[in-house]
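In case you want the letters, here they are:
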Amino acid sequence: MELLIASIMTMMTAATPLVFAATGELVSEKSGVLNLGVEGMMLIGAVFGFAAVTLTGTPLAGLLVGSLSGLLAALIFAVLTLTLLSNQVATGLALTIFGTGLSALVGLDYVGETIVQIRAVHLPVLSDLPIVGRLLFGHDPLVYLAIVILGLSGWFLKHTRWGMILRAVGDSDGSAHAIGYPVIAIRYAAVAFGGAMAGLGGAYLSLVYTPLWAENMTAGRGWIALALVVFASWRPSRVLLGAILFGGITILQLNAQAAGFGIPGAFMSMLPYIATIVVLVLISRDPIRIRLNAPACLGRPFRAER
Amino acid sequence: MLVLEARATQSATAAWLSPLLAMVLTALTGAVIFLAMGKTPGIALYIYFVEPLTSWSGLSEVAVKAGPLILIGIGLSLGFRAGVWNIGAEGQFIAGALLGSAPAVYFYDSVNPLILPAMLAMGVLGGMGWAAIPAFLKTRFNANEILVSLMLVYVAELLLVHLVQGPWRNPQGWGFPGTRMFPDVALLPMLFPGYRVHLGTLIAMAVPLLAWFVLTKSRFGFQVQVFGSAPLAARHAGINNHRMVWTTLLISGGLAGLAGVMEAASTIGQLMPKISPGYGFTAIIVAFLGRLHPVGVALAGTAIAVTYIGGEGAQISAGLPKAVTGLFQGIILFYLLAFDLLTRYRLVRIRRGERAA
Chain A
1 MELLIASIMT
11 MMTAATPLVF
21 AATGELVSEK
31 SGVLNLGVEG
41 MMLIGAVFGF
51 AAVTLTGTPL
61 AGLLVGSLSG
71 LLAALIFAVL
81 TLTLLSNQVA
91 TGLALTIFGT
101 GLSALVGLDY
111 VGETIVQIRA
121 VHLPVLSDLP
131 IVGRLLFGHD
141 PLVYLAIVIL
151 GLSGWFLKHT
161 RWGMILRAVG
171 DSDGSAHAIG
181 YPVIAIRYAA
191 VAFGGAMAGL
201 GGAYLSLVYT
211 PLWAENMTAG
221 RGWIALALVV
231 FASWRPSRVL
241 LGAILFGGIT
251 ILQLNAQAAG
261 FGIPGAFMSM
271 LPYIATIVVL
281 VLISRDPIRI
291 RLNAPACLGR
301 PFRAER
Chain B
1 MLVLEARATQ
11 SATAAWLSPL
21 LAMVLTALTG
31 AVIFLAMGKT
41 PGIALYIYFV
51 EPLTSWSGLS
61 EVAVKAGPLI
71 LIGIGLSLGF
81 RAGVWNIGAE
91 GQFIAGALLG
101 SAPAVYFYDS
111 VNPLILPAML
121 AMGVLGGMGW
131 AAIPAFLKTR
141 FNANEILVSL
151 MLVYVAELLL
161 VHLVQGPWRN
171 PQGWGFPGTR
181 MFPDVALLPM
191 LFPGYRVHLG
201 TLIAMAVPLL
211 AWFVLTKSRF
221 GFQVQVFGSA
231 PLAARHAGIN
241 NHRMVWTTLL
251 ISGGLAGLAG
261 VMEAASTIGQ
271 LMPKISPGYG
281 FTAIIVAFLG
291 RLHPVGVALA
301 GTAIAVTYIG
311 GEGAQISAGL
321 PKAVTGLFQG
331 IILFYLLAFD
341 LLTRYRLVRI
351 RRGERAA
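These protein sequence lines map, in sequence, to chains A and B.
Positions 1 to 306 (the working numbering) are the ones given, in order, by the first sequence.
Positions 1 to 357 (the working numbering) are the ones given, in order, by the second sequence.
Because the hints were derived from the structure by calculation, they are not lab data.
A few of these clues could be false.
[As the list claims (entries may be wrong)] Footprint (simulated), chain B over chain A, 3 or more residues, beta carbon under 8 Å: (1) 30 to 37; (2) 95 to 101; (3) 235 to 248; (4) 275 to 281.
[Claimed, not checked] Have a look at the derived ranges for each label pair, beta carbon to beta carbon: (5) B:315 - A:152: 52 to 58 Å; (6) B:36 - A:127: 27 to 33 Å; (7) B:213 - A:114: 43 to 49 Å; (8) B:210 - A:162: 50 to 56 Å; (9) A:293 - B:6: 27 to 33 Å; (10) B:31 - A:262: 27 to 33 Å; (11) A:127 - B:231: 21 to 27 Å; (12) B:57 - A:152: 25 to 31 Å; (13) A:161 - B:242: 39 to 45 Å.
Just so we're clear, the structure is a prediction, and the values are computed from it rather than from any experiment.
The C-beta atom is built at its ideal place from N, Cα and C for all residues, glycine as well.
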């Protein structure tokens, strides 16, 4: 029982960075922009967030700096793809390569450093309840923040005026422009939000999950977040489900490695990546579902003719 | 005011000018970065971009590094032209090195010279096999080849680590991860005594010529061109979408696999937990910087190889971290993508109140 509760708790911490990054990417993609730079933005958020905590000693500063640096990285992408009309796939890859290099360089001074940790919340009475107390009220604050942001994003996209405009921009940029909506400005905002969330997800990894800085520490989580958006068929509610699923697989393979079933550790470590492929295949083999849910203008550059 | 006006056809001048401009601006940005790090920009830039070209050993090292970049870059550029985004070349490189090295690992005391051609062939097959997975999943299940090929990079890396720590580990290696050293017959011959340039470097230099010939003279080359620039027209002309995905992925995977086995069978001479300094990802930059054109890829691969060697030199002589090289690679691609605007649009000055036509 104790092991199960502990597993569920760590599963949530494994899912949280994915929830942050995938929520941001989902909003960006809903506006019609495919940003393949998630991995790079997460690394940038992770290293700058870590650096900020080391320098200031306050975890909050790390989270703010982490998301802000992710946002700034996303703005480079936005200027190139939205203003200079570059290819979104190529630019996203460039952002990931850039982020990998920049974070490795900045992080040199921080390898092996330890930091002030963010502690789990503790509510009087509630957190002390048997079993449910810890499962519901015993996580670190960012687990809740991720879920709240995801919920708010879903609500924003579905029920607010600007959310609908954002979706319209992603589904039919030409018409949205003709009606008079600022297509490019909305996409800038969506990409910036995506960057801030990826940065926050990265900062979560280096500040809470590990908590330390190591080169390339995201280990493909940015790409898994991209796959999660497809898995979720661009619906926020399913992002959470997918992230928990991947968090579960990560914890499962870690536990299995510790238990040692005679399966080499490397093969267990492959599981999250192989699971991503399997999930992609299962979702993508239904082309109608993809076509119905994917934003119609995803990845297409837009330039207003007068 | 200045506005953008679409060009009727892509500007050839701008297409060749933008990589050069990107390189110059990257160097300037590098100067600023070096200054910020407290180094003398002039000296650092010299070490990075010029010094590797001033000695025979430097040139030899550049050629050795350029080999895999060009091989992989050529394959990727074919796919990118056709709109097939294989970004998992790093995984195909490792898969090629793994399968291709198997004969040298199992017949470690072999003296049969046929082992080398067998290894090269198996390396190609290994890369192809790894690339066949995204090709199959794309054509059969419509799964995104970007994500699938990328996930397989991590799988290949873990497989390599497992093999060199476990079943393939050198029993006389004091427990260090890594295979036995390959027998002499399993190593690509060196071209000049004292330098590391090897037969694989020559093969890599020949591939762009072959690719150029295929692109301009063959039916397949024509199809690739049409497919990338006008997919709809291509479909009407009867060019098969699935076959294009398969062919470009198999070619790029095979070339990456060849690069992988040649790296193992030359400068490294064994398999280790890490056999690539990110060739598969850097080759993406090489492909774009080379304008997806075989000659361009050969030039770009050489240029990027200079920064690799320069980076190593800078680490030794100026104490500059190796990570700077990776940062440069990202920056150069950013600049390139920004300048690409000028190949498709031109800046025109219009007076207030007047509309661009």
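Hints and how they fare:
Judged by the Cβ-Cβ criterion of 8 Å, the region 30 to 37 of chain A is not covered by chain B as claimed, because only 1 of its residues qualify and three are needed. Coverage of the region 95 to 101 of chain A by chain B holds in this model, with 6 residues showing a Cβ closer than 8 Å to a Cβ of that chain against a need of three. Requiring three or more residues with a Cβ within less than 8 Å of a Cβ of chain B, the coverage given for the region 235 to 248 of chain A is violated, as only 0 such residues are present. Coverage of the region 275 to 281 of chain A by chain B holds. Counting CB-CB distances below 8 Å, 4 residues qualify, and the rule asks for three or more.
Separated by about 46 Å at the C-beta atoms, residue 315 of chain B and residue 152 of chain A break the suggested range of 52 to 58 Å. Roughly 47 Å separates the CB atoms of residue 36 of chain B and residue 127 of chain A, a value that falls outside the hinted 27 to 33 Å. The beta-carbon spacing between residue 213 of chain B and residue 114 of chain A, approximately 58 Å, falls outside the hinted interval of 43 to 49 Å. For the hinted restraint 50 to 56 Å between residue 210 of chain B and residue 162 of chain A, the CB-CB distance of approximately 54 Å keeps it satisfied.
Against the hinted window of 27 to 33 Å, the Cβ-Cβ separation of residue 293 of chain A and residue 6 of chain B comes to about 32 Å, which satisfies the hint. Our hint of 27 to 33 Å for residue 31 of chain B and residue 262 of chain A is violated, since their Cβ atoms are close to 56 Å apart. A C-beta distance of roughly 57 Å is found between residue 127 of chain A and residue 231 of chain B, which places it outside the suggested range of 21 to 27 Å. Roughly 60 Å separates the CB atoms of residue 57 of chain B and residue 152 of chain A, a value that falls outside the hinted 25 to 31 Å.
In this structure, residue 161 of chain A and residue 242 of chain B meet the distance hint of 39 to 45 Å, their C-beta atoms being roughly 43 Å apart.
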